[in-house]
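Chemist: Two chains, two separate frames, one set of hints: put the complex together.
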Amino acid sequence: MNFGGIVPEVLIASLMVASVPIILAAIGELVVEKAGVLNLGVEGMMIMGAICGFATAVGTGNPYLGFAGGALGAAALSLVFAVLTQVFLANQVATGLALTLFGLGLSSLIGQGYVGIKPPATGDVPLGPLEDIPFFGTVLFSHDWVVYLSIAVVAGVWAVLKFTRIGLILRAVGESHDAAHALGYKVVRIRVLAILFGGAMAGLGGAYVSLIRVPQWTDGITAGAGWIALAIVVFASWKPWRVLLGAYLFGGITVLQLNLQAAGATIPVEYLSMSPYLITILVLVIMSSGKGKAALNAPASLGQNFHASR
Amino acid sequence: MKRRTILKGGAALGFASMLGGKMALAQGLEKVKAGFVYVGPIGDGGWTFQHHQGALAVQEAYGDKVEIVWQENVPEGADAERVLTQMALSGCNIIFTTSFGFMDPTNAVAAKFPDIKFEHATGYKRDHANVSTYNARFYEGRAVQGHIAGKMTKTNKIGYIASFPIPEVIMGINSYYLHAKKANPAVELSIVWAFTWFDPAKEADAAKALIDQDVDVIASHTDSTAPLAEAAKTNGAVIGFGQASDMAEYKPSPRVSSIIDNWAPYYVKRVGALLDGTYAQLDAWEGIAGGEVEIGEITDAVPADVKAEAEAMRDAIAAGTYHPFTGPINKQDGSAWLAEGATAPDGDLLGMMFYVEGITGEIPS
Chain D
4 MNFGGIVPEV LIASLMVASV PIILAAIGEL VVEKAGVLNL GVEGMMIMGA
54 ICGFATAVGT GNPYLGFAGG ALGAAALSLV FAVLTQVFLA NQVATGLALT
104 LFGLGLSSLI GQGYVGIKPP ATGDVPLGPL EDIPFFGTVL FSHDWVVYLS
154 IAVVAGVWAV LKFTRIGLIL RAVGESHDAA HALGYKVVRI RVLAILFGGA
204 MAGLGGAYVS LIRVPQWTDG ITAGAGWIAL AIVVFASWKP WRVLLGAYLF
254 GGITVLQLNL QAAGATIPVE YLSMSPYLIT ILVLVIMSSG KGKAALNAPA
304 SLGQNFHASR
Chain H
35 MKRRTILKGG AALGFASMLG GKMALAQGLE KVKAGFVYVG PIGDGGWTFQ
85 HHQGALAVQE AYGDKVEIVW QENVPEGADA ERVLTQMALS GCNIIFTTSF
135 GFMDPTNAVA AKFPDIKFEH ATGYKRDHAN VSTYNARFYE GRAVQGHIAG
185 KMTKTNKIGY IASFPIPEVI MGINSYYLHA KKANPAVELS IVWAFTWFDP
235 AKEADAAKAL IDQDVDVIAS HTDSTAPLAE AAKTNGAVIG FGQASDMAEY
285 KPSPRVSSII DNWAPYYVKR VGALLDGTYA QLDAWEGIAG GEVEIGEITD
335 AVPADVKAEA EAMRDAIAAG TYHPFTGPIN KQDGSAWLAE GATAPDGDLL
385 GMMFYVEGIT GEIPS
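Top line first, the protein sequences correspond to chains D and H. Residue numbering for the first sequence follows the numbering used here, starting at 4 and increasing by one per position. Residue numbering for the second sequence follows the numbering used here, starting at 35 and increasing by one per position.
Rather than coming from a laboratory, the hints here were simulated on the basis of the structure. Even glycine gets a Cβ: it sits at the ideal position worked out from N, Cα and C. Just to be clear, a hint being listed does not mean it is correct.
[To be verified] Below, computed lysine-lysine pairings styled on DSS-like, alpha-carbon distance capped at 30 Å:
(1) LYS267(H) <-> LYS121(D)
(2) LYS121(D) <-> LYS285(H)
(3) LYS99(H) <-> LYS67(H)
(4) LYS99(H) <-> LYS216(H)
(5) LYS121(D) <-> LYS188(H)
[Said to hold, decoys possible] Ranges between beta-carbon positions, derived for each pair:
(6) PRO11(D) <-> ASP367(H): 29 to 39 Å
(7) ALA142(H) <-> PRO11(D): 24 to 34 Å
(8) LEU285(D) <-> MET387(H): 28 to 38 Å
(9) PHE166(D) <-> THR189(H): 43 to 53 Å
(10) ALA124(D) <-> ASP367(H): 42 to 52 Å
So that you can see chain H by itself, here it is in the shape it has in the complex (with noise of 0.2 Å):
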């Protein structure tokens, strides 16, 4: 019935839907359509892929409670509004999008859709009360990484890979910088833009750049395995870390460890919100503690010393009692940043554009 009102579209859309939307909130829903939008094939064995899995997560917990409707590849972009007005059009009550760049088509078609609740990934915008952001402290994963890879490396070389330019990505290149050059204060920093979500070709190149510039850590904020790839045809000689999935193929070595993202708790507790009427605009941000950053298990290519620390360190993280960016942490340029004891904010990490002192290059802006 909502629906065919929907369909009618006109003058009529905004108002009556919204009517819609607030008995239904009211009561809770009797059966929820979930859309999830995302920017790479599921098939990715990364981000894309973990989202998913969150989604098949939700379709378990509820079964025929919820419909779950999903679209792969879509780009960052105009062509986002058209898949989100889509969803939208279709009857979904939740659409959750899973990359930055979707966070201002997805406020677009927020203002139009006002009873249908979207759900931004990794974003900061939530211009309207039926828009949440989640994301999860990723940096406090890229913190145990970067100690790995300080204790690790034999030629004081690592390497990350690096996407697009947000505070996201500039957020775990300076957790995982600090971390290292704490364990080993020789250790230098090369960062590749990739200016890339997904392009296995490009990604293995930039690994064998980094490679080629006697990098022997590297660590990659894309999305597919091909850096892990490009590590294994060195014979163990170059590590580096599963990113966003576990990437267990590539286990022992080269991938020593990995940053799993866990989405399906989350998925889980808004559509059920959904689902039994409690829903509430929100802003998440869980980490370690919330079980969102599961750090992978370490492999016995670390000794176990290391390990030992590295666990320590994830524990600590969790239990609260340590935050990856502790000062004294000054800025690139040398300006104090954080005083001694001082942790860092939600504001200042959201919004993070510097890098940390000893990083060298600058932020492509």
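Chain D on its own, in the form it takes in the complex (with noise of 0.2 Å):
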């Protein structure tokens, strides 16, 4: 199939790779802000993810070690802004955009030994066979882990925060923290281990930039994916699946516009290049405008902060 000199199944391929930071990036802080607390700081987590991945990576010569040292780095990160917000009270707005300007330069600092190198390789899963079969071949089965791994975690956490207990405590903390201390929910315990997963998959999908989407370190290489996959959160009102679909949207329509440039199509490239902008934020608050109970969605305790004494 070939639709103007685009291939579909090339496309649908491309986005699902160029979709993965934002994907990790935004799930990560949808549990954030299901616990209640508002983590500005993503662009900054995500970056240290991808140099402290980057340098792990190239230091052990081992991609998958990378990737979990990005985790931690970021989590570290984030474990900063937990102390200054969930034990010194700080104002979460304030700290997350201190912390994605502290991230930006402290990765900066920390990349300077590393401009210019290439770090190992990170192959396809190998599926044999079913990598053969005609399209869904190219579509599903010849990506990288991280790609599957990605599409898991948000499986994961929509199955968490639906049917287990964890995730009912995790929104009851969300939605309402002097209800769930009442109730001898440990609220700051539960928020700070919210804030380090936010912080650890920020820190995946900086690291998948990195490492696989742009194999190389580069100053401020996620150029602002990570405010992306927070307004994706909002425009998803928060729910898992709609978080994959925004990233979807937005990677794909990010793609096909260029796709679209590059096979020569005839439409304006200004109208292209705001596309993928345009296109998710209205498809993505269509689809909460719905019910009319879109904004009832956002959890009711978000960027409160919260005090025992109180």
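Modeler: Structure representation (structure tokens):
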């Protein structure tokens, strides 16, 4: 199949790859926000994950350890946020923004010695004969393991939030921390754990950028992906599968518009360039406007600090 | 002393600093503080990296007599004005703004600080006596790349990752296409506008989109090494060029050659002029001959005869015997631009907002 020079299976395969960093960062942030914490430091944590992952992979020669290193590095940075906001009750918005600035600067400092080095390659998952199935082989079975992981994480978060006791507690903390506290749940501890999870996921997303998507280290390599992830969480009205959809829409239209340009489509480039932002927002807003309850999806305690003495 | 005067601000500012500037200019300055404003991070491995190399060369050349300061990641637009004003107030004698989008902010701030010298890269506005512009004839390097691209492509499809629709970029596209076409009449050019100078993931996506369209030679006019990293994933099927910086880490393939911006001679010359009092407003536009545009080593991935032809073209351009825009050349719509044997006047190039004949697609406005 071929539409105006664009092969759909190749396009879908590309969009799945292009969306991975945003999915990972957004699903992590979704958990954090479900616990009632607004961490605007996603961009900073992503880029810390990118450099820590890169440094670990180059140091050990093992891309898998690289991803672990990226997740750890970003989680460590998110711990700073957790301590400031959960222990010292600092303003979450200001602390989150500061975290991004700090992460950008620190990553640049750590990255000084890594410019121009190539990381060890991460291969595709060998799926043997499955890769030869027409259409689906290219779309579903020709990816690296992180692509599959990103989908698994979304499914996992959805299942945990919806079906498990842990999910229920997490949501309770996000909806009303006072009530959760009265029931005997450790609000601060749960939030710190959620923040660490969010950090680790953002770190994985960042490491994906520096290890697979653009296998190199460059200052500022995430170039705003963290902000897109933050926006997608809101427009997806805090629902895991909609995060996946939003990220695929955004990634997909970004890839599609570049492909359309490369194929010489006659649509003006200005419209093509703005289309990812426009269409993603439109679709998600329309989806969440139907029941008139979109605003109710926001965790009620989002962004509010909690102290047991209140 | 002078700095304190400026800091006092108010109405005295303009007069006092102008006086200081005039006196200083006559005798040359004892010590120069030079500011550099970068659009991306120094670690981009491309455009900004090369400007910073130039800044470091200034420090090297004059040692204690100069102090350099710089600011990375300055957005083009209103924020740039704030950064420039800050630099001007902090006592810089000369400020280099190193991206096209700093053109209006540079001129606006220059109006307020008549004794401070402003140097804007790649622009064309010199609204005030203290604003100079400087640029490099990158299209000369693009001609050499175009020749290599035309000879090397097996699919007859070549690609170009463009940043913003400005004459600077369009000049490069035209030069690249003309010479690829000359080397291989069957060649087709795909252009992708990324609308960014620096976004590695997007640059990589753009390269991937081109590769998905069977393009096997990619030139880029963005700042990072990401397009080469994407090309490297194809195990040699796709080649590209280092842009702004040598990008030698991708030798011998996919990076088969490069355009290296060498700003050091210009920066050293201008700061030197300020030190010895010979500084004057300038509209500088040097190319391969002046050493501002260097062609990075052509690697063994390119056959010896193609390499020899490319080097011969480089040398002819340097010697002034060949101009990359030599007629007959028509515009995209078929109307005549250059007659047989005529070469493009600089004015035409600096305002170039049209494709040459044979390129498909429209320039975004």
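Chemist: So, for every hint listed, does it hold in this structure?
Modeler: Status of the hints after comparison with the structure:
Annotation: proposed proximity of LYS267(H) to LYS121(D) holds, straight-line Cα distance about 12 Å (limit 30 Å). The straight-line distance between the Cα atoms of LYS121(D) and LYS285(H) is roughly 12 Å, inside the 30 Å bound, and the hint therefore holds. Distance check on the hinted pair: LYS99(H) and LYS67(H) sit about 9 Å apart at the alpha-carbon level, within 30 Å; holds. For the hint linking LYS99(H) to LYS216(H), the alpha-carbon distance of about 50 Å lies beyond 30 Å, and the restraint is violated.
Taken as a hint, the LYS121(D) and LYS188(H) pair is honoured in the structure, with Cα atoms around 27 Å apart against an allowance of 30 Å. Against the hinted window of 29 to 39 Å, the Cβ-Cβ separation of PRO11(D) and ASP367(H) comes to about 34 Å, which satisfies the hint. In this structure the supplied range 24 to 34 Å is violated for ALA142(H) paired with PRO11(D), their Cβ-Cβ distance being about 49 Å. At about 32 Å, the CB distance of LEU285(D) to MET387(H) agrees with the hint of 28 to 38 Å.
For the hinted restraint 43 to 53 Å between PHE166(D) and THR189(H), the CB-CB distance of approximately 51 Å keeps it satisfied. For the pair ALA124(D) and ASP367(H), the beta carbons lie near 46 Å from each other, so the given range of 42 to 52 Å is met.
Consistency with the previously given hints fails for numbers 4 and 7, ordered from lowest to highest.
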